[in-house]
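Novice: In this note's numbering, the protein residues as written are 763 to 1006.
Since the hints were derived computationally from the structure, they do not count as laboratory data. Positions of the beta carbon are idealized from the N, C-alpha and C atoms, including for glycine. Each hint should be verified, as a subset may be incorrect.
[To be verified] Label pairs and their computed distance ranges (CB to CB):
id: 1; residue 1: GLU852; residue 2: VAL995; range: 20 to 28 Å
id: 2; residue 1: LYS906; residue 2: ILE833; range: 19 to 27 Å
id: 3; residue 1: GLU944; residue 2: LEU843; range: 34 to 42 Å
id: 4; residue 1: PHE974; residue 2: LEU858; range: 44 to 52 Å
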Amino acid sequence: MGHTFNLQSPISILQLPISNLHSPISNKSPFSNLQLPISNYQSPISNLQSPIPNPMPDKKHTIEDKDGKTITVLVRRDKRLKKSSRWQQETDGSLLLRIPYRLPKQHIGGLLDKIASQLQKPRKLADRRTDANLQVRAEYINKKYFGGKIEWRAIRWVGNMNTRLGSCTNGGSTDGHIRISEAIKEWPPWVVDYVIAHELVHRLHSDHSKAFWATLTEGYPLTERARGFIKGVSFAEGQSYEDD
């Protein structure tokens, strides 16, 4: 006779609801309800912003111009400049010098010296143009361009001419006196020579006749070029210079 066994081991009747099984940590631990809002968490480091360096402040320096007057130079570092420096005159008379941002400060002095040198060049040229120098120059022009045939008594610089570049007196107590305006002391030498030649020729022709212009243009070769220069300066400065 066969036997059927319905033997159930203790394990077979032990049902473990795995899906509902909670570990002691997940069910009872105080950490089970601890929520960390990771998405909103900000580390102190993330809020630490490195300070953006402020632009280097402008530095003031002083130099002297051609008249010995002190001029303020504002030195400004410019990130757009890599190698070259640039300077310009401001409306208040001061100068603005822009230099490369990382230019060593020991190089600034050399740049200021160069600017001062450029400003003082006209002064050095004008200082050489004394009355004695003017006399020597007139003698040279007379000999070179007019065969030494022109005679005069005196030639000197004067500062009371606003638009007239020069004048020559024929007759009277000041006969043979030639005056050249100090306003042209810093003009190119060949233009100054033209003004001198112009007044010298007035010793031969007192007016601006055809004979006068013929003598001047045939003698001094840069006459037309110099006259063009004077017209250009007159236009630029809004003046009406006259080579009397």
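Novice: Now, for every hint given, state plainly whether the structure supports it.
Specialist: Results for each hint:
no., hint, verdict
1, GLU852 <-> VAL995: 20 to 28 Å, "24 Å, holds"
2, LYS906 <-> ILE833: 19 to 27 Å, "40 Å, violated"
3, GLU944 <-> LEU843: 34 to 42 Å, "39 Å, holds"
4, PHE974 <-> LEU858: 44 to 52 Å, "48 Å, holds"
Of the numbered hints given earlier, the model fails hint 2 alone.
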